[in-house]
Amino acid sequence: MIVSDIFLGEIPESLTQQLCQITELLKCNTISHDPLNLQWQQAEHHKKILLHYVSDPKLHIPNLSAELLADGKHLAFCPQLTSDTESLLIANGFHGGLSFDASIIEIIEAFKNLDNNKLYFSHDAMSHYIQSRNRQPITQRQTELLSLTTKKEQQVLSLVCQGLSNEQIAANLSISINTVKMHIQNIFKKTNVSSRGQLSYVFTQV
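In this text, residue positions in the sequence shown follow this note's numbering: the first is 7, and each later residue adds one.
Each hint should be verified, as a subset may be incorrect.
[What the hints assert, rightly or not] The list that follows gives simulated cross-link-like pairs (lysine-lysine, DSBU-like), each with its CA atoms no further than 30 Å apart: (1) Lys64 - Lys53; (2) Lys157 - Lys64; (3) Lys195 - Lys157; (4) Lys64 - Lys33.
To be clear, the hints were calculated from the coordinates, so they are not data collected in a lab.
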């Protein structure tokens with residue numbers, strides 16, 4: 007059962023029809039027309055997944071709002087899904103990637119993973135992303151970056167790395183969603199990390 011609301015971004019009509027059939031089959035609450043992301047913003051207390059069509063990842067992804075990607079889960083559909091493309095998605099805070107011609111089974115599996123706070127990328131892409139990062143050993147990196155954050159920021163950071171949404175973190179720590187967002191922005195500034203995806207890999211042992 008998928009409990010997340012499914013939001014369809016700017017997606018080609020043929021794929022939109024298929025996705026609507028799948029979400030109807032899964033009995034998901036589906037929002038198919040939200041060009042200004044107003045309903046997305048208003049659904050901050052719900053689990054939610056935003057579906058993107060990324061025709062040119064290198065051109066498209068840098069133009070996406072960091073604030074948008076920091077809220078809820080994000081699944082990208084790409085014309086060609088290579089390890090390099092998946093690595094780019096991971097680095098920018100996406101939670102999953104699928105090819106444009108993905109099967110119904112693959113799409114449902116991706117929905118289930120994101121709904122359960124798990125990533126949906128190939129093992130090859132995960133390995134490629136980690137190995138491509140030119141950085142110091144993780145344990146040393148963690149120690150250095152954790153020294154820059156407060157105790158409360160470290161609590162938020164730990165929950166971010168577990169895949170929790172802003173709403174879930176707020177409930178877990180008994181703080182407001184705006185306070186969660188403030189802590190995450192502070193973490194980004196202090197650690198020079200720009201997305202939740204990067205945080206999850208830098209702090210895998212937190």
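Taking the hints in turn, this is what the structure says about them:
The hinted pair formed by Lys64 and Lys53 meets the criterion: a straight-line CA distance of about 28 Å does not exceed 30 Å. A distance of roughly 36 Å separates the Cα atoms of Lys157 and Lys64; the hinted pair therefore is violated under the 30 Å criterion. Note on Lys195 and Lys157: the hinted pairing holds, with a Cα-Cα distance of about 16 Å set against a maximum of 30 Å. Among the hinted pairs, Lys64 with Lys33 is inconsistent with the structure: their alpha-carbon atoms are about 34 Å apart, more than 30 Å.
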